[in-house]
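K.L.:
One-letter residues, chain by chain:
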Amino acid sequence: GNRVDDAGDTAAESCVDTSGDSVKIGFVNSLSGTMAISEKTVHDSLQLAAQQINDDGGVLGKKLEVVSEDGASEPTVFAEKAGKLTGDDCVAALFGGWTSSSRKAMLPVVEGAGSLLFYPVQYEGLESSPNIFYTGATTNQQIVPALDYLAEQGAKSLFLVGSDYVFPRTANKIIKQYAEAHDIEIKGEEYAPLGHTDFSTITNKVRQAGADAVFSTLNGDSNVAFFKEYRNAGLSADDMPVMSVSIAEEEVEGIGKANLEGQLTAWNYYQTVDTPENEKFVEAFRAEYGDQRVTSDPMEAAYTSLFLWKEMVEKAESFATDDVRRAADGVTVDAPEGTVTVDGDNQHIAKTSRVGEIGSDGLIHTVWDSGEPIEPDPYLKGYDWAGELADG
Amino acid sequence: MSMTADYLELSDVRVEFDGFRAVDGVSMTVLQGDLRFLIGPNGAGKTTLVDAITGLAKATGSIRFGRSDLLGRPVHRIARLGIGRTFQTASVFEELSVLQNLDIAAGAHRGPLTLLRARTAVPATVEEALETVGLAAHRERKAGELSHGQKQWLEIGMLLVQNARVLALDEPVAGMSADERQATGELLHAVGADRTVIVVEHDMDFMRAFADSVTVLHAGRVLAEGGVTDVQADPRVQEVYLGTSGSRGEVA
Amino acid sequence: MTGKAVGGNVRRSLPTIAGFAGIAVALLVVAPSLLSAFRLSLLGQFVCFAIVAVGIGLAWGRGGMLTLGQGVYFGLGAYVMAMHMKLDDAGPGGVPDFMQLYGSGEVPWWWEPFRSPLVTLVAVVAVPGIVAFALGWAIFRRRVRGAYFAILSQALAAAFAILLIGQQTTTGGTNGLNGFRSFFGYDLFDPVNKRMLFFLASATLLVMLLAAWQLHRSRYGELLVAVRDQEERVRFLGYDPAMVKTVAYVLAAVMAGIGGALFVPIAGIISPEDVGVVPSIGFLIGVAIGGRSTLFGPALGALAVAWAQTSLSESFPSMWTYFQGALFVFVIAFLPGGLAALSGRRPLRRRRHGGDADPTDAAPAREEASV
Amino acid sequence: MLELVDVHVGYGRATVVHGASVSVPDGGVAAVLGHNGAGKTTLLRAAVGLLTPTSGRILLDGVDITRLRTNKRVHRGLAYVPQGQQGFPQLTAAENLQVVADAHPAARIDDVLDLFPALRQVLARKAGLLSGGQRQQLAIARALLTGPRVLILDEPTEGIQPSVVAEIEQTITSLTEAGSLSVLLVEQHVGFALAAAQRYYVLASGRVTSTGEGGTEAHDTVRAAMAI
Amino acid sequence: MDAFSSQLFAGLSLGSVLLLAALGLALTFGQMGVINMAHGEFIMAGAYTAYVVQGVVGNAGVSLVLSIPIGFVVGGALGVALEATLLRRMYHRPLDTLLVTWGVALILQQLARDIFGAPNVDVRAPAWLSGNVDLGFAQVSAARLFILVLSVAAVAGLGALLKASSLGRRIRATVQNRDLAETVGVSTRSTDRLTFFIGSGLAGVAGVALTLLGSTGPTLGTNYIVDAFLVVVAGGIGQIKGCVIAAFGLGLIQATFEYSTTASLAKVGVLVVVVVFLQVRPQGIFSVRTRSLV
Ligand SMILES: Nc1ncnc2c1ncn2[C@@H]1O[C@H](COP(=O)(O)OP(=O)(O)OP(=O)(O)O)[C@@H](O)[C@H]1O
Ligand SMILES: Nc1ncnc2c1ncn2[C@@H]1O[C@H](COP(=O)(O)OP(=O)(O)OP(=O)(O)O)[C@@H](O)[C@H]1O
Ligand SMILES: NC(N)=O
Ligand SMILES: [Mg+2]
Ligand SMILES: [Mg+2]
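Protein chains in written order, with the working numbering: chain A, 26 to 417; chain B, 7 to 258; chain C, 9 to 379; chain D, 2 to 229; chain E, 279 to 572.
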């Protein structure tokens, strides 16, 4: 075999078969395990998008043939399934992943296979693989605007609470640099293991610290325990609001509207966003999956990602990775969240930022938006205070 | 101090459980070749005394075998000094064959390298023991398939290959039929000649037939000691232990 | 007499030798010629699990120690290897990518030794071995066993995973370590090298099976069974059961570590999800299904279960959990000897159902005895 | 009273008793004798229902109880003293008796303790900590406490000191002589067994090889039968 | 001082949660020797019971009060079903019960996912349990106080049942020697069922209570199972007393660690404490002494 320094083309030959009248794409979401709660919804909206595209005649005249795999909430399984989809099924592109660890696990696989992954969830930035399109928000499209909003509302001190993994830790690193530059005091920083369910100690610390607001990067089940405890401890949105970046519509029901009323979230999309595209999206989604279902930011980003890919392929008139990538820059879609545009340099997309308040109806209502799409800046190069991060 | 024969010497041995003295100052000496029977009422402390000797029960006083003090050593170290025992309920390794049982019993001193190799030949001591306890024909059978009496013999065989210098047997013939008891008694006599043997028993016929000397325990203390006839004639022993009918007249 | 015994051994060994030949042919000849590159590398991962299973067969099947924490040792071996590969990719004096990203940009001191390939190879065996020895000795010496041991080992797996997750800057946290480009200088994107990794894992499995065979046949193997069934009795023969058990536990840990170390270059990733409570129990299912106390059972069971898991989860993504649960229930409840029991001789049923147990013996000892 | 008719029973696939028939006379004693491993215990376990015969029947007062669960049999008057000094090790001696009394409202603990005065001293001790003989006495006491009409005894005097053995033998004799109790007895001490029994059965390799009237005069016949 | 007293309460509260989760195990594991990994899923079933009852009743307070007995019955019924179908044949190999019940746990979890959906559901707390109670020395969460009281009541009830009633003796006798228990007239089958019913029922109650604190979702029980077993093991198998001390001990330790370090390290710390503790007392706080083995 080849030593590393031997010359030779090591990337695998693409095996994508485009000769027939259909083309395969792969969905990889956790349908089991702890992340199934969230990722199942993404899977649903991806299916919806594929169906709509097929109903509309497909991509370049070819019907989409979807191969679904279960990532089982484990990075190793995501890597395995990505390997299967690219290596054995020879899909033209992959859609899915949620946690950053699932994305990091698939990254070397898609790079090695010369394939494409469309990743639909907001994340911690500091990454830009040529084989991944990031259709969720990077930090300057979610966290930074959220901080701006809090600062604008007069928050002089923050308490940071997060789940113990890469996204919250990196996000908090950014928040701390922002705080330093903007004269905001960080009164505490606490991490709980994913799935942690006892927040009495952390809540005690939060209460004693008495910050102006809490910035939460908690993920999953922990949110329920945290907000119940928060309320039981007598804390409320009025005296110490919590800004969350990982609670979307489908989590609100499980956490309990009563526990969340008045709290803040930062995303690029809410079910309540008022665009004609969103009206159609919500309507189609409910027609497909039932009236009680809600739509959320990652679902919308996943839904949009499929249309973005379609536009890129059609612009390139080819399914080949290199052609698609070359064609990607400037591709635009009128998405439910508003117009989004691909930035060919970093494979992210320009998105509108929003801060929302959770209402008693369980929906999230926009209280602030950026007005126009914000250009993606995964390394925060455009922000002076983030100097050190930008070197990464 | 020089000696020609091994002997087991207990002096002022006490075992206490939560304030209850199960063994309360027992002193006795058992010489090699002397088949010593230990009798006494239920709960007198016989088993506890055996436990103390073999390291299972924590005791005070002194228990010496040859030059070694046994007290305070862990069970397996005491076993390595040549003290072996059997249990009231036969306890052999049921998943292993008779041969394997004996081979394990013979091998506590083996080094790691020997242990990690397969057994290529049957050690002579094991072969001998198989004959002695009459299990040669059953060598490949799993010990779990043996009958109660055969298991007890296997246990004695394990003591033999273990090269135990002291054998402590807790009710070895309980549940055996008359001729099995006879056979076991003869076996003990044969192997006991160059060993120190303590037998705990309630079977008086068996004792009469095979005991060289007897120690009677009562309430944790030595009540009487001596030859079979002396002890049997002792009115105190009759009162607490034998009752009026001492004999069933079966081992004849 | 001696001659007869040896001759008998050879004859009795024939099926085993045939078994070895069968596995060798299947893994080294048939599989590579039939499977696609992706499937072969997947099988390579399963072979790594099978290596772990061989160790569990020893500790649990033979030694009665239900170890719910093999993920720890698998993880130790895997992380040692992954650290080396990360450092290797980073080049001399270099800093692995994730440390630059999330950490201080400096390599912690305890990573440094793993720059050396030799230290790494030694550590793959030594780290799990030493940890298992320290832990095993402490636990077994105090006669913690049966359910206590099982639950303690499970707690250790949980603790290990949490610890890894909490140290993001030095262990990669939930992301784990991945994105390797080379393995001891060999390019991991090269299909030929991937194939070689498969052969390496398969050969290792065969070596581990040989080692297990030798242990099964050895006097130590018999002693281990004796300790499993009657730990206290063994003490009275002059053995220290704690030592006997510790040896088996360490061997199982070392095998798990080797399995983990080989898993990393093949799978291309190791993360806390692969070492915690759930994967640790996952390791057991194959062993149970194959037949815990047999020689080939654990390894074949592990291969079969992993294969079934993958293909079932591909065909019925959301149904797999039911299959997995039902498999556990069915095999353990109704086929305690595993599939091996269907073909071969049944091991003698333990005769300790309640009444036959020693009356002085409390529940904990019965727990031990039953496995 | 209690009848075992052509009982075949064993463990798993292995049959241990191959068609044994034993009959316990009303208010009398039947003794089962035999070598170690002959299948005596196995037969008794089938009689109380701890093992299910593969064929054959078990009758109590002429009623077929072959399929009845053990605890139901006990409530119909069967009691069993297993071999090997068994007890509930974590329960105190007193609780060992009380648990029986709970299930049998008519039971009088004091009365059985009068039969085994030595137990009074150790009532507060856990059964698992008792000496072998103490445990055996406790086992017999438990069985008597169920107020049995048929008592099944598996080597009841094993491990008991001679003076108490004599008392137990006396108790058995007097209870049966009073006509209130029938006994199925397994004993290695052929002398006592034959003295007490109206009928004896010699079991060898799971088959009844010899049977006859009890009484000391049968001694030689039995020894001859057992010597095979 | 406020920090101290609120942390003290946090520890006690965590202990009471652990206790509630572990109490049923103390019975089924401690007394019967069954290592029931599906105990966590019985807890989950209790939580979903609270959800369903709330859906029917509406009023949060009434539904909570109703859910406690109903959750007990639901958990108990699941336990009995498990006992009757699988565990009954496994009493002589307790370690295997761990693996079988793990399989059952997987199935129950997936069932919950298919029945109630993957996302968490919301069980509303009654108004009188949302918010604070002033105990003088500290402001404590009313819901946590409620759980503390509930767990103490459960322990007292169970303790009384086992100690004083004949049932307790019967359970212990059955576990210690099944055949013998039968032969003295105890119906071991119904005793097993009843024990399992109570033990699993307690899991159901725990589930109802936990809806006040955390999420109600398919994986609710998994979060508690390892800790609950640790409590029983550290307490000494078969010892309700030990279980109580261990639960509160571990709760306080975790709360203290968590306050001074992080939640992750606290979890690891607690495990290390238990391992070290078992070095000192291998059989738990209250060890069960018996005579010589073999
Ligand atoms: N661990 C213990 N805790 C409390 N008491 C104990 C313990 N072990 C033994 N005893 C008590 O010590 C006394 C002596 O018991 P031991 O077993 O030595 O008697 P023994 O002479 O062997 O009687 P037997 O002939 O009935 O077997 C008994 O009263 C017993 O109950
Ligand atoms: N649980 C069991 N499983 C398999 N075989 C058994 C079991 N119990 C006993 N046996 C076998 O059944 C046969 C008869 O045993 P049993 O205990 O009935 O004999 P016994 O006549 O009572 O002997 P003893 O006088 O030693 O008590 C023996 O060969 C024994 O090995
Ligand atoms: N990228 C996230 N939310 O893990
Ligand atoms: Mg004794
Ligand atoms: Mg018998």
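In case anyone wonders, no lab produced these hints; they're calculated from the structure.
Every residue, glycine too, gets a C-beta built ideally from N, C-alpha and C.
There could be a bad hint or two in this list.
[To be verified] If you want a taste of the chain E side facing chain D, the calculated C-beta under 7 Å gives, among others:
hint	residue
1	Ala451
2	Leu458
3	Ile523
K.L.:
The structure should be examined with respect to each hint, and the outcome stated for every one.
P.N.:
Hints and how they fare:
Given hint, Ala451 of chain E at the interface with chain D, holds; its Cβ is 5 Å from that chain's nearest Cβ, closer than 7 Å. Because the smallest distance between the Cβ of Leu458 of chain E and any Cβ of chain D comes to about 5 Å, under 7 Å, the interface hint for this residue holds. Proximity of Ile523 of chain E to chain D is violated relative to the hint, the smallest CB-CB distance being about 19 Å (cut-off 7 Å).
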